[in-house]
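K.L.:
Here is what each chain is made of, one letter per residue.
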Amino acid sequence: MSEHTLSVRLENKAGALARVSQLFARRGYNIQSLVVGPTERENISRLTLRVDCSEHSLEQIEKQIHKLVNVLRVTELRPENAVESELALITVASPPDARAELLAAARASGASIADFGQDAITFQIVGRPHDVDAFEDLLRPYGLLELARTGRIGLHRPHSNDRKDSNG
Amino acid sequence: MTRMLGSDAILRALEHEGVRVAFGIPGGAILPTYDAIARGTSVRHVLARHEQGAGHMAQGYARASGEVGVAIATSGPGATNLVTPIADAWMDSTPLVCITGQVRGGLIGTDAFQEIDATGITMPIVKHSWLVQDAEELPSVLKAAFHVARTGRQGPVLVDVAKDAQEAELDFEYPDDSDLPGWKPPRTVDERQVHEAARAILAAKRPIVYAGGGVVNGDACSELLALVDAARLPAVVTLMGKGCLPDSHPLNYGAPGMHGSKYANWALNKADLVIAVGSRFDDRVTGKLSAFAPGAKVIHFDVDAAEVGKIRHAEIPVVGPLKPALARLTAAVHGLGTPDHEPWLRQLEDWRARFPYRYSRGEGVLKPQTVVETLRDLTAGRDDVIWTTGVGQHQMWAMQYLVCDRPRSFITSGGLGTMGYGVPAAIGAKAARPDATVVCIDGDGCFQMTGQELATAALERLPIVVVIVNNAWLGMVRQWQELFYGERFAQTHLTHQVPDYAQLAEAYGCAGFTVGSEGELESTLAAALAAGRTAVVDARCDPSENCYPMVPAGAAAVDVREAPEQEALSA
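Same order as they appear, the protein sequences are chains E and P. When you number the first sequence by my numbering, it's gap-free, plus one each residue, and the end is 169. When you number the second sequence by my numbering, it's gap-free, plus one each residue, and the end is 1951.
Quick list of in silico lysine-lysine cross-link-like pairs, DSS-like style, CA-CA up to 25 angstroms:
(1) E/LYS64 - P/LYS1677
(2) P/LYS1650 - P/LYS1690
(3) E/LYS14 - P/LYS1523
(4) P/LYS1677 - P/LYS1585
(5) P/LYS1650 - P/LYS1677
(6) E/LYS14 - P/LYS1564
(7) P/LYS1703 - E/LYS64
(8) P/LYS1668 - P/LYS1690
(9) P/LYS1677 - P/LYS1690
(10) E/LYS64 - P/LYS1690
(11) P/LYS1523 - P/LYS1564
(12) P/LYS1585 - P/LYS1650
(13) P/LYS1564 - P/LYS1690
(14) P/LYS1650 - P/LYS1668
(15) P/LYS1677 - P/LYS1703
(16) P/LYS1703 - P/LYS1690
(17) P/LYS1564 - E/LYS64
(18) P/LYS1564 - P/LYS1703
It should be emphasised that the hints constitute simulated quantities derived from the structure, not laboratory data. Note that this is a predicted model, so its numbers are computed, not measured.
Generate coordinates for the entire structure from the input sequences, incorporating the hints supplied.
P.N.:
Here it is as C-alpha cells:
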C-alpha cells in the first residue's frame, strides 16, 4: 500500500462524483481527501483525490474511472511531476503567555491570521501539503481546538510528460 | 421536428433504435409511457408477470439476437425488481436499456409513494444511468443510452424518467449522434501488439486459445474460427462463450473451469501460451489463481482495457474490438509461417480420449445427464435450437453435454449466477427469434423463482419448452454440503412432493409432462418438443447425483477431479 494522488477531469453533472467515489468504496479503500472544483473550461470539473492503495489496485481503478461516461481524463499526479497545494484553517488555544510564540511561529511558516479571539487564534496556511503538515505539528503542542484542511489540489508541471492522457 | 409528449418521445426513440420488442410491467410512475404504447407504436410490448422476468426476457432477447434488450418498469418496487437482471447483464456484458418511471420532479427526494433512488441503487452495476426531469432531454438521453449499451464492452444502462417529464411536451428530433465526450471505447487495435501476439503463437509449443463471451458480443466468431483453422490452434471455450466456436469443431476442447472437463483444464493449465480472447480469468475458470497456467505466457485480447491485467498479468495485451483484432492476427500469423505444435495436439487428443465427460447410469433411476443427452440427441443436426438454462448442476450438465455449433444458441447466467434466469430468458429469446425452437433446461429450484412467467409465454404466444431437471434439491448447494459441510443438508431439500409441475403448467395453459424413468424419457421429451405450445417437462431425476468433474474450491484447476468411481477407474 502506498499513497497516490489522482487527478480526474469530469463533466460537471449530477452523480458524476458519486460514480468515481463508489469505485473506491466498493473495494474498501478509504479516500483520504477529495477536492472538486471548476477548471479553465465551463462545465468541466477537476477532482483531485488522495488514496492509500496498492499500485496494482490503483491501475485497476484508474482504468475503471476512465470507463465512466462522465470522465474525460484520469491521470496520476506523481510528486516529481506535479505541483500540489492545500489550505488549512487551524484554531489554536492562545493564552497570553503563548501568544507571542504562536505569532512568531506563524510568521516563520508563512501562515496568516484568519481570526484573532480572546482565547484562541485561527491561522490560515496555504502551501505544499508537507508545509501544512509541518505547521500543524508546530502548533499541536499549544492545543489544537479545531482544524480543517481542504485536501490537496494539483496540476502537472508544464512540460511534464505525465500531462498527456495516461489512458490513450 | 414534431411537438409531442415525453412519453411518445420514448416510444419514437425506441422505434428509431430499431427495437422490435420491449418487455415490462406498467405501474403508477410509468403510466404515461404505457398510455403512449396504447396510442400506437411499432414496438411489440410483452407483458411480464414480474419485473425480474421482464429484465431477463430483455436479456434473452439481446443474447439471442445481438440487439439491445429493452425492459420497462415503474418506480420503486418496479425498479428494484429490475436490479437483479441489471446486475446479471452487468456481469455478463449483455446490452440492456432499462427505462423506469420515477415520481414527479417535485416529489423526488421526499420518500414519496413508490419513490426509490433508482440511479443510486444501480450505480455500481450500470455502464451509465440518467435521471430525466426535463422532457426536452429525452431524445438525446435515449440516443446516448443505446449508444453506451451497445458500444465498447456491452452492458446495461438505466434511464429513469420522472412522471412529469413523460407528461410534458417537447419538440422531438432524434439526434444522429450522441454527444458523449467522455465515452471513448477503443475502435482499433495496436498493430504492433497484434504482430507480437503472432510471433508468440509461432514460437509456442503448447498454445491454447481461451475464448469467452466477448467473442460473441464482439461479433468475432467467424474470425475466431478462421484463426483456429489457419493456425491449427486448439481452443477452450468458457460457459459464456459456448457456441462462439462450434462445439463439434475438432480443435474445440470445450469448457475449462470448476465443472469443465479434465482435458480442457489440463489444456489450459499445461499450456505455454494462453491466448485469452474476450474472456476474463473468472475465478470459476482459474481455480487457485497462483497455480493457474503456471508455465504460460499470456496474450489477452479484450475490448475493455480494465479487464487486461486485472486478474492475470498479460505479457502481450491487445486492447480493442475483437473482430478486426482476430482478423489481423490470423493474417499476421499467416505472414510469419505455419505454427507447428502437432505433438501438443496429439497430447490433447490423448487426454480427451482418456477423460471424456462420463457418468454412471443408475438402475431404475433417471440420471440428470441422461435428460440432457437425450435432448441433445433429439435435436441433433437441427440449426434452429436455442438453449437457455438456470443456474446450478443442471446448467453445468447442459454446458458439458449439449453441442452448440452456432453463436447465440446457448444463453445462460454466468457471472452473477442468477437462479430463475432460464424461463424468462427463453421467452425473450423466442420473442427475438420466433422461428427458433427455444428450450430451457432448468432446475426445480430455479423454476420456482420465475416460473410464473409461463403465463407470459402462454398469453403472448411465445411457446418455449421447459425441461425441469428435477432432483428435489437445491442440487449444487446440496453437493457442496455433501462434499464440504459434512453432509449436513441444511435447508436444501425442496422435495419431489410439491409442486406438481405438470399440473402447474396446465394451470398456466401450457402442456405438462412428468417422466421418471429412462424408458419413457425420449418419447416424453419428443412430445414436449412437438407440442406446438409452451410445454413443461418435470423430469424426476436421481436426487443424489453430483456434478463432476469438479475443481474443489481453492484447489488448482489442474487438480480437477472426476467422480470418485471414475477416478478409481483411471488410477
